[in-house]
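Engineer: In the order they appear, the protein sequences are chains A and B.
In this text, residue positions in the first sequence follow my numbering: the first is 4, and each later residue adds one.
In this text, residue positions in the second sequence follow my numbering: the first is 4, and each later residue adds one.
Treat the hints with caution; some may be incorrect.
Note that identical chains are pooled: a pair holds if it fits in a single copy or bridges any two copies.
To be verified - Derived DSS-like pairs: lysine-lysine, alpha-carbon spacing no greater than 25 Å straight-line:
(1) Lys200 with Lys155
(2) Lys582 with Lys155
(3) Lys504 with Lys469
(4) Lys295 with Lys228
(5) Lys433 with Lys74
(6) Lys504 with Lys591
(7) Lys393 with Lys469
(8) Lys591 with Lys489
(9) Lys602 with Lys328
(10) Lys228 with Lys472
(11) Lys74 with Lys565
(12) Lys15 with Lys495
(13) Lys235 with Lys200
(14) Lys602 with Lys342
Derived from the structure by calculation, the hints contain no laboratory data.
Bear in mind that the values here come from a model prediction, so they are computed numbers and not experimental data.
There are 2 protein chains.
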Amino acid sequence: MQTNSSVFLGDKFYNREHVNFILFDVLKADSLNTFDYFADHDKASIEMYLDASNQFAHEYLFPYLVEMDRKQPELIDGRIRVHPIHKDIMRQSGENGWISLLASNEVGGLQMPSTFSNAASFILGAANYSGCVFVGLTMGAAHLIEAFADQKYHSIYLPKMFSGEWQGTMALTEPGAGSSLSDVASTATPQADGTYKISGQKIFISCGDSDAVDNVVHLLLARVKGAPAGTKGISMFIVPRERIKEDGTLTSNDVTPIGVYHKMGYKGAPIAHLSFGENDDCIGWLVGEENKGLSYMFQMMNEARISVGLHATSISSAAYYASLKYANERLQGRHIAEKNPENPQVPIITHADVKRMLLFQKTFIEGALCLELQCSYYADMMRVSDGDEKEKYHLLLELLTPVAKSYPAETSIISTSTALQIFGGYGFTKDFIAEQYFRETRIHAIHEGTTAIHGMDLLGRKVMLKNGKAVLLLMQEVMQEINIAKQHENTKAQAIALEKKLGQLQELSMHLINVAQKEGVEAYLSDATLYLELFGILVLAWQWLKMGNTCNENANIDQHFKDSKYLSLNYFFEYELPKTEGLLQRLKSTLRVTVGVDKELID
Amino acid sequence: MQTNSSVFLGDKFYNREHVNFILFDVLKADSLNTFDYFADHDKASIEMYLDASNQFAHEYLFPYLVEMDRKQPELIDGRIRVHPIHKDIMRQSGENGWISLLASNEVGGLQMPSTFSNAASFILGAANYSGCVFVGLTMGAAHLIEAFADQKYHSIYLPKMFSGEWQGTMALTEPGAGSSLSDVASTATPQADGTYKISGQKIFISCGDSDAVDNVVHLLLARVKGAPAGTKGISMFIVPRERIKEDGTLTSNDVTPIGVYHKMGYKGAPIAHLSFGENDDCIGWLVGEENKGLSYMFQMMNEARISVGLHATSISSAAYYASLKYANERLQGRHIAEKNPENPQVPIITHADVKRMLLFQKTFIEGALCLELQCSYYADMMRVSDGDEKEKYHLLLELLTPVAKSYPAETSIISTSTALQIFGGYGFTKDFIAEQYFRETRIHAIHEGTTAIHGMDLLGRKVMLKNGKAVLLLMQEVMQEINIAKQHENTKAQAIALEKKLGQLQELSMHLINVAQKEGVEAYLSDATLYLELFGILVLAWQWLKMGNTCNENANIDQHFKDSKYLSLNYFFEYELPKTEGLLQRLKSTLRVTVGVDKELID
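Looking at chain A on its own, in the form it has when it is part of the complex (with noise of 0.2 Å):
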């Protein structure tokens, strides 16, 4: 079997200096702890959170990235097995307090802004993404159960949660029901005593079983008999794979995992297909209101969903820089107009081209980051405000988080692409990480929602949500940058040819009201993907000149850290931005392809 000493890695998986300048310069977000909630978290303790986080990414993470690709989880006698870090990983990040991080005092938690959770995470799934799912699963799953659950639950599953001895999952999929919800087939039937007889299958379900714990908190959606058809009769249960019997002991309460699914990639993850009730013994315990499910598990979903978009960014990172450093190493070529053969080769990063898929990567990576943790410092705003602010913040969030997720999550295929063409022959062997890389982002676009999902639900609701005002909030956050970019020389010019492209975007608007009035809503949303897609580059060119705003506001930052910048905005706005020309040109067309075409043409 292949370990990773045999195989080359590079030596660095993100940049942490980037990761800072994000949190402390661009965001402030260390300035959250002037809230009353985020208090304890001043600037000194996240650098060492962040510290203790990059230590453990190199200790318990990054040293086992290929053994878990070579070495599946495997289904066997009645238990997934895992790889055995998988335990370790869980209960030093129990030891740590990472999993009960984002939870309220009230319940033992140390109530961190997300900004720097997911700045954490985003170093741990760069280490070794399939490593750190087990941990980021839990700390949803708990949160569901301190935000819905009755407070008598908490004490029962949030302290062996925390601790990482038990771990949580989402169960929401079913054979019936992959995209659409509605056809949830999952049974509930009430008992006397106020719990219900669970009964269903689930499948695709991240972490659904292993050796690692003790026991699984599964957060399922099932309809209780008798509930309305569609997503309005669906609600949510604690499910555990072990009941708690009254001695305290654990018996088995009949979830059986009938198969662990082998993938392409993010393989250290065991992905289960799982059976409820096979023996009619599986006890489930309401969360919240019966037919109320879904919105709770939209909680924990978008939260899902901005850690896919990180996720999809902290792969390609990992691939990035495992590239860069072979570009900086291997010799091949010489400078295009040098002729003579006897001199010696140069470093590819010399080439031209080999420079354009570098920075292709490292701009969609640090403008990915910097829109993920911008999205994150929204929902810790929420969090602790009130009234229009929460409601801005809260709308901001709404609008982003399909764009977050899925923009991320399609780039990231070409990210890692990219950085393994760098590698040329090589990239395409198992000697080298960048396949497993390429092979293991490309889940991404497909869990928590594929990209067309995504691309429905940005143009289909959140830009209509209370009638648009959330688009009009974001186009003030974003004109707020444009007039800063404006006032400089280096960011004038993408200020001005962003602007632009807001103008664009409104008059697109506007076409496609006309489409949705005229040709209705299949019409209006027919591509819908393609739209979240031009969303998606606008967004980040906002978010680097946003980054561009602040070198040049910030005295303190080293210059060349800056030139750093400014090169990478260049690249953006030169070879990103006009990737919108051709968006516009299809979105703002009256013919229609796809709609109203008869299926049989399509051979």
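Could you slot chain B onto chain A? The hints should help.
Structural biologist: Structure of chain B alone, referenced to chain A:
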């Protein structure tokens, strides 16, 4: 081990009707038999040959697709062990006369136009790319021997290669010379008997060793002692793994496989690391004249480049048909305007975005196949014509080769990724074939020259050929189709759109010539990869217009078939052609980002 039977493959990997349409309606390639050289190959015999290829693909290739992926070649006891079916594939291909198809009657070949052999190769590659490379490489190597090696070598090598007992390779790449052929360091020392002692290492040699054949004939590049540095000092040698003793038996020629690459895909074909002359006993026979090796090799490389583009397309075709079948069968969600969750779910092909994803694949595949066969047709016409006519086809082929290689290679990454996406979560699992195609096709943007190399070939050499004559000839070909298309209502708008684009391409050329003069070659070529992408889209648009014209002007074609083509034509012009907007904008920009920049700023 998974085999085909445990994986969802669909039932179709290409569409014969589309292949026939291109061959007989669009290219009218059956009329090639009006030339003496190709007189034996009339439409009926070609159809029989394609029938036989189809049957072979179903019997010898497709059934082993998954097995070849799961059980990769291994180097055991000094020999690379491959899937046993490879031996049958080679012998059967030999018996069917397929390895000698393209060779001249003089050396026992069938003198078939490459247009048809490539159409068959598309079918075989769509069934199982790894399964068809031995045959293709052997054809190419045999062609080199026939064309450039002294006649006395013909009888030694060609019959054994044509029978499938021996195979051929091209052995170019070395550890210190990947894309930089001028740095080939293998040496050839002249011996008194006219042979050469060969010494050196070659890497990434496709089918460089295997137990499927009795001998491997390497067409190897090396430097004769004292030869000039760079590409001007490279010679070509025939270097068999086993050389023939006087008694006719084989004896080791000191060629040692020292490794087999384990790869992310395309696993069925062994890619070898070879050592030549470890015991100073490796004999090579010079092909043609000393120091002309690279020009000979380019014949094989140019054929191989068309083959790479063709097979990026063939793998994409297989992925497309699998996803099409799934999209027609998988029930999920409801029509977008349907609000009642109690109504049954619909096949996902109903959804506009799924149609978009299918049409993206379909129009790429059919457009690219048309381009590859167009190029093959030019190669055939070049062979049977003289003077200006010959030059015309030669120039067109030279110009289009980098595009025909790289545009499909790059697009196939996205096309197979799109197929995978249609499967949702299943697409990421090993239970469905999509992920294998996604892994397999990734090699094509790398081998036979990376995309960057071809971009520079196109912009740096090919558009300059004979003072731009090649481009002029291509424009004439395209304008001819535009003028025809303008006469029909259903292709007129597209004709005008493409004409406008040609104008923009000409403006761009003027701009770039200016850049070359004012800023030098590095700036001129810095975005050659983007130029190639632009060129690729325009060339595919031309092919689609040509297919549209064929439908308009041929009354014998079934109306449903025509409607399918018109839909695809619309799709390509509505969704793909607009992508040139952003490329044009970037290519016409005067701002350099990747030229003259300090590499330390890329961190």
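Engineer: Quick one: which hint numbers does this structure break? Sort them smallest to largest.
Structural biologist: As far as the earlier hints go, 2, 10, 11 and 12 are violated by this structure, in ascending order.
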